[in-house]
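There are 2 protein chains.
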Amino acid sequence: MTKQARSTWRTLGLTAAVAAALAATPLADEGMWTFENPPLELLQKRYGFVPPTGWFEHLRLSSVRFNDGGSGSFVSANGLVLTNHHVARGQIQKLSTAEHDYVRDGFYAESPAAELKCPDLELNVLVSVDDVTAQVTGAAAPGMNAKVALDARRAAQARLEKDSLSATGLRSDVVQLYQGGEYWLYRYKKYTDVRLVFAPEMQAAFFGGDPDNFTYPRHDLDFALVRVYEDDRPASVEHFLTWSANGAKAGELVFVSGHPGSTTRLQTVDQLQTNRDHDLPTFLRVIDNRLAVLRAYSERGAEQSRQAQTMAFGLENAQKAIAGELKGLQDPALMSKKQADEKEFRARVAGRPEGAAARAAWEAIGAAEQVRRTLIKLQYFRRIDFAGSSLAQTAAILVTYAHEMQKPSGERLPGYQDAQLPALMPRLTSAVPFYADMEEVLLAATLQQSVDELGGADPYVKAVLAGRTAAEAARDAVRGTRLGDAPFRQDLVKGGSAAILASTDPLLALARTAYPLRQAVREDIERRVTGVTTTAGERLGQARFAVYGHTIYPDATFTLRLSFGTVKGYPMNGTMAPPITTFYGLYDRSASFDNAPPFDLPRRFVERRHALELSTPLNFVTTNDIIGGNSGSPVVNRDGALVGLVFDGNIESLVGGVAYNEQANRTVAVHSSGILQVLRRVYDAGRLADELVAGRR
Amino acid sequence: MTKQARSTWRTLGLTAAVAAALAATPLADEGMWTFENPPLELLQKRYGFVPPTGWFEHLRLSSVRFNDGGSGSFVSANGLVLTNHHVARGQIQKLSTAEHDYVRDGFYAESPAAELKCPDLELNVLVSVDDVTAQVTGAAAPGMNAKVALDARRAAQARLEKDSLSATGLRSDVVQLYQGGEYWLYRYKKYTDVRLVFAPEMQAAFFGGDPDNFTYPRHDLDFALVRVYEDDRPASVEHFLTWSANGAKAGELVFVSGHPGSTTRLQTVDQLQTNRDHDLPTFLRVIDNRLAVLRAYSERGAEQSRQAQTMAFGLENAQKAIAGELKGLQDPALMSKKQADEKEFRARVAGRPEGAAARAAWEAIGAAEQVRRTLIKLQYFRRIDFAGSSLAQTAAILVTYAHEMQKPSGERLPGYQDAQLPALMPRLTSAVPFYADMEEVLLAATLQQSVDELGGADPYVKAVLAGRTAAEAARDAVRGTRLGDAPFRQDLVKGGSAAILASTDPLLALARTAYPLRQAVREDIERRVTGVTTTAGERLGQARFAVYGHTIYPDATFTLRLSFGTVKGYPMNGTMAPPITTFYGLYDRSASFDNAPPFDLPRRFVERRHALELSTPLNFVTTNDIIGGNSGSPVVNRDGALVGLVFDGNIESLVGGVAYNEQANRTVAVHSSGILQVLRRVYDAGRLADELVAGRR
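Protein chains in written order, with numbering that gives the first Met the number 0: chain A, 0 to 696; chain B, 0 to 696.
Take these hints with a grain of salt, some might be off.
It does not matter which identical chain is meant; a pair holds if it fits inside one copy or across any two.
Under the rule of at most 20 Å between Cα atoms (straight-line distance), these lysine to any residue pairs were calculated in the SDA-like manner [what the hints assert, rightly or not]:
id, residue 1, residue 2
1, 567, 134
2, 248, 595
3, 326, 572
4, 336, 36
For the record, the hints were derived by calculation from the structure and aren't laboratory data.
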């Protein structure tokens with residue numbers, strides 16, 4: 000499960016009716032619960048577990064959000080943070096050079112001084128929350144049209160965030176829960192000096208590569224350790240997780256604390272059908288296109304292959320995830336069940352005061368979805384910055400930034416409001432490597448696909464090509480651009496909107512040409528679709544809330560959630576998948592494929608084979624309900640001790656957003672004892688293992 | 000894949016149209032070819048393989064049929080035969096006692112004198128074949144009605160068999176190929192003195208138990224070694240397979256020579272629908288019923304559990320196999336494809352001389368299937384001897400024997416004709432253990448299910464219960480019977496029909512009561528269904544033959560066949576199943592389940608772990624087209640050397656009878672180097688390993 004999936008997972012509905020049915024009977028190990036509303040009754044009923052005072056607070060304050068998508072946890076008093084290799088990978092790659100490929104070879108800071116500062120990583124810890132539902136929903140008066148109401152709510156949120164930031168100095172985000180049934184103000188302590196401490200070699204972290212990704216049984220050491228610094232010294236943290244040397248055991252109750260990115264389990268049947276028939280198939284065409292381009296590029300040589308690796312990995316993951324989700328949606332049984340559930344929910348709400356509003360909401364969503372179906376192609380193909388060139392993305396963000404900064408903060412697009420600018424700046428100004436040739440082929444492919452999908456007569460296509468072929472347009476833009484140069488970008492940002500809009504940089508110019516056409520689609524979607532479905536979804540959320548209350552959990556929002564479950568195998572391939580895997584399995588899978596990539600053993604594992612106790616647990620599965628964004632989350636036991644590290648879901652969980660299935664959906668995690676084993680016996684990192692066990696350096 | 004499956008696999012149709020399409024393009028690794036008609040052209044085209052002179056004959060004469068269902072091969076000049084543990088298991092159990100449980104503990108004859116004679120095992124080697132199509136089909140004159148024609152052909156077959164037996168002294172069977180398109184007389188050298196040489200403990204042979212059965216990746220040492228004797232001395236055999244110490248390699252061309260039990264790949268859509276909607280669901284109800292009874296019985300104690308083990312294993316296998324096949328048939332895509340194929344075949348044959356006969360055949364089959372649907376319940380439930388008590392089976396066979404022996408040989412049921420009596424006698428007269436309590440609960444369950452399915456008013460139910468409950472009737476019959484006593488049975492057989500029909504033994508009496516009612520159903524089915532579909536199927540076979548000739552292979556008939564394929568993994572669970580597994584995997588799977596049954600390691604494997612080279616191949620998969628009955632078949636390479644031992648198919652191959660799919664269907668085999676490894680390093684059977692490598696003692 001890649002962190003990139005956070006923004007792309009579209010997951011669908013455990014409906015209210017099902018939730019209600021489940022609320023009547025035990026809910027199974029389902030739910031991504033907020034820490035404000037943990038499933039106390041369920042835990043007691045199902046597991047006889049009554050958390051002691053402070054249990055939730057300790058876990059919350061030990062949990063870390065990786066602001067670019069992913070989760071982690073403090074594991075020592077000296078600011079050490081455990082996460083996934085694939086969550087940290089972007090940073091590890093940025094720290095790598097032609098001489099030192101830390102992604103390929105791994106990294107270990109033998110001494111604190113050797114810890115490497117990550118170029119643009121921000122970590123957040125959720126320190127306080129407030130219910131601001133009244134303030135946000137009250138901002139929109141009853142008679143307002145959808146667009147105006149949305150703007151009013153956005154303005155209220157921006158104001159709340161800005162006021163909180165001013166008052167507390169803490170990062171402050173308003174979070175919408177229950178589809179607008181509630182709004183909460185979350186405040187985060189933020190760490191921006193984060194240094195790389197340890198990463199295994201890619202082949203150990205991602206053994207089995209794309210074939211094994213999203214599957215189980217698994218044999219991956221997908222972990223990395225970073226450390227947060229304050230004032231150039233390791234931060235002292237009060238709350239961190241005790242490391243369990245024995246780790247997860249089959250059958251035990253475990254918890255995952257992390258940041259599931261996005262679920263849409265309450266979408267209506269109309270919305271699901273748009274996803275199934277229009278949105279996801281189009282999305283897949285884009286991914287397929289880019290992967291083909293990257294593969295061809297990788298074949299040019301070893302250096303090109305290295306350059307393309309991280310992006311290709313992300314796209315392959317997205318491809319499997321979207322295809323899996325689409326397959327789930329195409330299951331007629333799923334859609335019939337969803338229809339039945341919606342019917343039941345309609346019946347339950349009909350007799351209540353919310354009934355008329357709910358019915359109107361369903362109708363409005365149905366009409367908006369008809370519109371959305373006509374806009375999907377424009378949405379994906381009237382833009383230069385989707386799943387392609389990073390430089391083009393940067394250019395598009397700069398141009399958007401230039402336009403948005405000309406508006407009052409509260410009217411800007413999400414991400415461009417004053418309180419959000421500190422998070423945006425590193426993306427625009429930090430020095431990160433770009434590979435011009437790769438950027439060029441990606442941009443050419445993006446432009447060409449727009450031609451193929453929209454036709455040469457499309458106004459956007461005519462504007463961006465300006466009589467050239469896609470390849471020519473990409474060459475002109477990428478070869479002439481200076482956007483790869485951080486000081487150049489810093490100057491542009493310093494110069495503000497005027498500088499950006501006046502720049503003669505050819506890629507910026509291309510982005511400016513694309514901008515109004517892209518923006519028109521975005522506004523069309525916002526006005527005719529999102530504005531409508533947001534308001535209508537909010538009404539449904541309120542209706543749902545009225546019927547079911549806090550017995551249900553809200554959709555995931557990349558904010559801190561708690562899930563619970565059991566370490567447990569599942570039926571697979573006609574037999575049982577085991578609750579855990581061992582190092583025996585790693586060596587077996589490698590030997591089974593004659594050590595051929597992606598099943599080749601890293602050199603260290605060949606050399607240290609006899610030093611390892613091969614029966615040591617390596618990975619394991621649990622019934623916890625998670626989704627992309629949970630990558631890097633700690634798995635803790637009843638005592639709150641860290642027994643594992645979430646890094647994936649099994650293939651059955653690709654449709655987990657639609658309907659959690661305790662029989663088959665599984666969280667896949669690295670075992671805490673496996674990590675100690677390799678730190679000591681493979682990586683000669685005993686000092687680090689000692690810190691984990693002792694909880695301090 | 001259990002040998003029991005031989006009689007129960009109902010596999011369905013690769014249609015002629017598909018075959019034709021495939022014959023035009025390369026046929027993939029498909030087909031169970033006769034040695035008379037090997038796929039020479041395919042092998043040359045696909046693999047560039049041209050077998051040297053004598054290659055086929057050597058392989059054929061090295062291949063052994065286990066007459067009670069299964070395959071094997073000679074692996075030394077001194078009559079040593081390799082087969083599966085599960086093929087030999089019935090004999091191993093019969094050789095076991097309360098003191099020596101060779102199934103549980105394994106067996107190794109340290110010296111030739113210690114080799115144990117199997118109580119009732121016959122091995123066959125196919126030494127010559129003759130085409131007798133003209134003699135058999137000529138026996139039925141064109142105007143005859145179906146029943147008379149069938150009888151005439153059976154009489155001709157019986158005559159051919161008897162004459163050949165008299166003339167050559169060899170076991171002689173007429174084999175119907177291509178649904179009656181051809182008849183061949185097969186002559187076998189037969190061995191009846193067969194002695195057990197080696198068997199691993201059940202837990203090594205069947206590691207992973209029922210969950211892993213029919214699946215892959217796999218880690219089973221499912222092999223056993225027996226030796227044929229002549230004149231109380233090890234037989235000298237001219238043809239035996241050279242043992243490859245390195246064994247199968249990923250990607251290499253391999254052959255399987257063995258005895259696939261039964262496929263019905265040419266059944267019509269009508270026939271498939273009867274199987275899907277009536278036959279298989281009813282069959283499953285019987286198996287479910289018996290398994291529930293055996294499980295309850297096993298819980299009475301360790302000895303009861305031991306008694307029930309072999310039968311429970313067979314039933315669990317059958318359950319998985321039938322359920323898998325039913326699932327395949329319930330796939331709407333499969334049935335649509337079958338319908339399309341049939342349509343195309345109809346179109347191709349329509350313009351030919353065989354067209355009218357073929358059309359009439361389809362119609363006749365359609366009408367017969369309507370009849371069959373009304374008879375399925377009677378077929379399964381008007382009998383005391385189906386998938387239940389062994390003693391009741393013996394009783395039913397004795398009663399049938401008594402009746403059949405009153406007819407001329409040629410008019411008797413298959414299995415009771417003069418040439419077949421030598422094969423029948425051991426079943427009736429040999430000393431094998433029966434467990435009275437288990438027999439009683441099984442018979443009670445059988446009778447009770449007849450009541451439940453047919454109702455108390457059914458004439459059969461009224462007759463067998465005679466006013467008693469099912470439990471009472473079973474108790475009366477089993478507690479009073481002497482059929483467990485071999486001398487008693489030998490006397491009965493010696494006394495002939497009169498003695499059997501006059502015996503006061505209560506189980507025999509029950510079998511005599513059941514006989515006429517069961518017999519009426521059998522005759523009804525034969526007259527109104529089998530007689531019709533056999534003749535009609537023969538016409539379709541002839542039509543098919545006329546259209547496609549020897550470019551196609553005949554359905555399996557538990558006679559010697561050759562298949563070819565490649566050692567190759569396959570897509571599974573979202574990733575790839577490897578071409579081979581290793582001993583690492585055995586230890587991994589055990590540790591993954593905390594060594595809990597059925598994943599517990601045998602004690603020897605715990606103790607000898609460090610003696611093993613864990614990267615040694617253990618099992619592997621190939622694309623060969625096999626089916627139940629192939630268990631124990633050798634896997635040989637281009638040089639004809641033995642590289643493995645077939646013991647199963649993967650779960651995807653459960654529908655393999657319907658349509659071979661090279662992408663997913665796999666043969667599962669034990670690796671020849673894995674066998675050497677454990678003989679030397681785990682079982683201290685170096686002498687035996689030396690014999691395998693040297694090809695002689």
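**Message:** Cα distance capped at 20 Å. Does residue 248 pair with residue 595 within a copy, between copies, both, or neither?
**Reply:** between (32 Å within a copy, 14 Å between copies)
**Request:** Could you place residue 336 and residue 36 in one of the four classes (within, between, both, neither) given a Cα distance threshold of 20 Å?
**Result:** For residue 336 and residue 36, the Cα distance exceeds 20 Å both inside one copy (28 Å) and across copies (53 Å).
**Prompt:** Can you tell me if residue 326 and residue 572 fall within 20 Å by alpha carbon in one copy, between copies, both or neither?
**Reply:** Both. Shortest intra-copy (18 Å) and inter-copy (14 Å) distances satisfy the 20 Å Cα cut-off.
**Message:** Treating 20 Å as the Cα threshold, decide for residue 567 and residue 134: within, between, both or neither.
**Reply:** Neither way: residue 567 and residue 134 sit 44 Å apart in one copy and 63 Å across, limit 20 Å.
Consistency note: the structure conflicts with the earlier hints numbered 1 and 4.
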